[in-house]
Structures are given as structure tokens and as C-alpha cells.
Amino acid sequence: MLQLLVNVIVLGAIYALIASGYVLIYRVSRVLNLAHGELMMLGAYLLLQTATSLAFGATGAVAFAALMSLLVGALVYVFLMRWMTGQAVLAAVLTTISFGIFLRGLSVLTWGSQHHYPGKLLSVPNVSFPIGASAFISGVSLAILAVTIVSYAALFGLLRFGRWGVRMRACGQNPLLAAQSGINLHTIYALAWAISTFTGALAGILVSLETGVSGSLALIGLKAFPAALVGGLDSLVGAMLGSLIVAAAEVAAIQYVSPLLADVIPFVILIVMLAFRPWGFFGTREELDRV
Amino acid sequence: MTDAPLLVLQGVDVVYKHVVRAVRGIALEVKRGQVVAILGANGAGKTTTLRAISGFIGLDHARVTAGTIVFKGEHLENRLPHQITRLGISITPERDKVFPNLTVSENMSVAPSRLTNAERKRTTDMVFQFFPALAARRNSEAGLLSGGERQMLGIGAKLVCGPELLLVDELSLGLAPLITQELIARLMQIKDELGLSLLLVEQNAAVALQMADYAYVFENGEIALEGDRAMMRGNRHIQELYLGGGAGGRRNYRDARAAREVRGQHGRA
Ligand SMILES: Nc1ncnc2c1ncn2[C@@H]1O[C@H](COP(=O)(O)OP(=O)(O)OP(=O)(O)O)[C@@H](O)[C@H]1O
Ligand SMILES: [Mg+2]
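In order, the protein sequences belong to chains A and B.
Note that the numbering used here numbers the first sequence so that position 266 is 266, with each residue one more than the last.
Numbers given in the numbering used here equal positions in the second sequence, counted from 1, plus 291.
To be clear, the hints were calculated from the coordinates, so they are not data collected in a lab.
There's no promise every hint is true.
As the list claims (entries may be wrong) - FRET-style restraints, in silico, Cβ to Cβ: (1) F276/A x V299/B: 33 to 39 Å; (2) V268/A x R354/B: 44 to 50 Å; (3) V257/A x V311/B: 56 to 62 Å; (4) Q87/A x R312/B: 19 to 25 Å; (5) I271/A x E484/B: 57 to 63 Å; (6) A318/B x G162/A: 40 to 46 Å.
On a predicted model such as this, the values are computed, not experimentally measured, just so you know.
For each residue, glycine too, the CB sits at the ideal point set by N, CA and C.
Using the sequences and the accompanying hints, generate a full structural model.
Printed below as a string of C-alpha cells:
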């Protein structure tokens, strides 16, 4: 039982780390980034590439791949999404879908379709720590937990108190007024894409250390989308709770019904949510509460 | 060239969505320290003209297709709003002039400024001093402010950007006469204190003529009439059309036709 709880929290942390990226981009630009899963996967492949071609240690390789992802996010905005600014939101969302498909193709061409284990290449130790009498948590899972907590604290702090974070919120509320206040919208959007890709890639990188990387990693990214939506797409608190809900449902289904349900459950929750409360649990409260 | 006007528009056309021509051949100028008003009926193109000066974003689907807009020797046509703000023009728009989910102080500090930190702090203090209602609500969300307080914040937040020319779209819109009078008084004090120039759009001609040194009357996307305060006050047709001196409805199409005849009689200043 305790082990189940640990599993829920770890899976919830993974989803939450990914979901924060959906929320950030949505909050700042009202665009749903459906390439987020692929960008997360790309982060893991960047780690693989770093591990094979550069002589960094494990920590150095993780940091390098994550920083590259920050750059990738900004470049995706500058070279692709920037041209969607001012277009219908649907056009922008379709662009992210096409871009995601493109990234999948590109990664198969570059890294093949087999499963890779950057963790082994970097000889990341496979340790686990006991919790109480009957449960264990792996070192990588602990790292994921820590990274998620730090990321959320940083994002909250930025949006609430940071000069650039307040500007991001302003752009999300009224891009025209923000521009008229002297804020360069492109800078803000590029920043949002960079940060969002960074946190997504961190999730991909950390997950790949334990389970390896292949095209299916993008699916985890996509499964975090229901988590973001359940909480309300523009709320970080919502994303955190939504992630826990989806993780709990998934772990319970695997344990008590069938492991085959693992990839289905989040989308069942998504459909139920879309039918009854499409703005999510925190979507409207967000309007009043900020951050 | 100290007496060159601060802002000069010549022959400006603005087209929405490639087809809708909202204004045509607009020529106007604002001198340093001057208060200039734009008057006109609904849909005459007043907002469009202000927006052409302060810059369109992609979402507006609008373009300046002809003419020039020159501010301190720099061409502004079709530049982005944040670039224009940096040059020293700020706008308090007609609607949505504050960020509702940001607090009053966040609204005051969100924009990049042309001022030094010290000047910026001084301007912020000045705004709070001139508009004590805002100071009292520093930490509440702008979405909870009254219409008058929003207007104060809409103006105050732009003053902090350090503009030389402030554009205000519909200062008096939806405000009680008493509040309007107070706003006018404060704005004129601030203008003198900071050495600002103002370009105001007004539906309420009485308000405009109370503040403005010079006024332009728009009609169907063109300038129908212009003149200084004395000329505007003295003009019988202006009195009838825009100051409510005449009998019957104002600002309808027939009146606009009458204004065009006025232009025929007076020429264009
Ligand atoms: N985004 C837009 N797309 C298409 N046409 C527009 C757009 N905005 C304004 N127009 C048109 O341009 C013309 C001028 O509008 P504008 O808003 O400048 O008028 P206004 O003088 O400010 O009117 P009001 O006093 O009602 O604010 C109108 O005919 C209007 O329908
Ligand atoms: Mg208008």
C-alpha cells in the first residue's frame, strides 16, 4: 500500500513537471502546445547524444542536455511559432501537432527506432532507498521529485514576483495592452517556450535515465496533457493536483484492474472532464486567484 | 528646429483586413506641450487614428497603407507598439486599459520604462499622490476597480513609461461628470508637471474643448473640420452638432452631412 502511494507520488511528479509546460505556454499565449510530448522526448535524445559524443559526467550531461532544450524551445518559437502570432489559435495548435509529428520522424531518422539507455551510457547508479518497512524509491525518482518541487517553486516565484513573470501574466491577459505598455511580445513568448521546453525536457531526461528513451517516451508527455487540463489549463496549482489525480487513477487501474489500462486511463479522465467541466477544477478560480 | 511639431500625420490611410478602409488622408499635428483633441461620431475613425500612431499588433489585422506618421523625426508607420512606446508615445486605450488580474501596483510596474529608476519612482509617487484612490487600493486587483479608478490607473500606468506624448482614447467614456472634471483637472496638472503633450479622443466635445488647444473633427474616416479653441467654440455648427446646442439628436448621419457642408464653407483651416 505504501509502495502504491510512493508510485502515485512519483508518477504524479513526472506528470506535474511535464504539465507545467502546457500550462505556461497556454497561460502566456493561449496556445495548446501539442508538441510538448515530443519536445520532452527530444530532451531525452539530446541526453543520449551528449552521452555518446561528449565526455561529460552524468550530471554534466544532464545539465548540458537541459540547457540545449532551453535553446531549442526559444528556437521553436523564433523559427516556427512566431509566424503564428496573430493567427487563429486553431492554426497555432495544428502547427504544434504537425511539428510534433515532424519531431517524431526526425528522431527515428537520427536515433533509430530501438530503445536506448542513456543511463547506462552515463553509468548512473541504480540505487533505491527504503521508505518504512515495505516500500522503496529509486534515486532517479527522488531526483524527479526534487526537480519537480524546485521547478514549481521557481515558476510560482517567477510568475508572482518576478518582473518577467508579471509581464508573462500581463501578456496572457491582454497581449495588445502588454505591447502598448512597451513589452515585446516575441520576447515573452520565446521565454515561455524556452522555459516550458526546459522543464518538459528535464522530465524526459530524468525518466530516460531509468527507463531509457524511444519514440514511446512522447506518449508520457501526451499523458500529462489530461493532467494539465483536469486542473484547468491556466493554473499551476491545478496542474499539480490534476497530475496527482491522473497518476492515482493510473496506478490504481494498473494494480487492481489491468496494466493494459495504463495508457488509456488519462484519456478517459480527459474525456470525462471535457464533458463535465472543460475549464478544469481550477480554470475559473484561477481568474480570481492569480498564479 | 525647436518649433517643429512633435507629431505629424500626413495623408494617412488605415485599412483593416486588407479591405475595410477606416480612415483616409488623415493630416494632423501635435506640437510640444500642446493638448490636441479629436472629435467625431461613432465609427468616424478616431480610435483607428490613435491606434495607427501607437502601433498595431498582428491580431488587429490593420495596416497603414498610405501616408506618413513622424514623431521627433522618426517614421512610425506600421511599427510595433513596444517600439513606439520606447520612442516616447504611450496610449491609454478605449477599452481594457488595465490588466484585471494584476494588482494596482503590478499594473504600475509591469511596463518597461524610458525613465531611470529614480525618475520612475518619482513618477509612481506622483501618480499615487494625484490619484489617492489608487494609492488606497495598491494591493487590490485592478479588475475590482471602479470605472473612474481604472481610467486613473490606465493613465498612471502609462505615465510611468515616461512618454513625451500621451494618447488618451475617450477620457470621459462612462464616467460621471464629477469624476470627469476631477480627472481633467488632475491630468492637466500632471501634464504641466511632466511637460507632456496630449492627444485626446473624445465623444464629449465639451470635455475636449475644455482641455484642448486645438481640435480636429472626424467624419466618416476623414477630417471634416479643424481649428483652435476659439474657432471651435465660435463655430455655430460645432455648437449644434457636438455641444448639444442645437435641437434634436446629435451625432447621426444627417448631422455628419451637415458637418461636411460646414467644411465646404470654412475650408480646412
Ligand atoms: N478591427 C476592425 N476590423 C474591421 N473594421 C474595423 C475594425 N476596427 C474598426 N473598424 C471600422 O473602422 C471604422 C472606424 O472605427 P473606429 O473604432 O476608429 O471609430 P471611432 O471613431 O473610434 O468610434 P467610437 O466613437 O465608436 O469609438 C468603423 O467603421 C469600424 O467599423
Ligand atoms: Mg473609438
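Which numbered hints fail: 1
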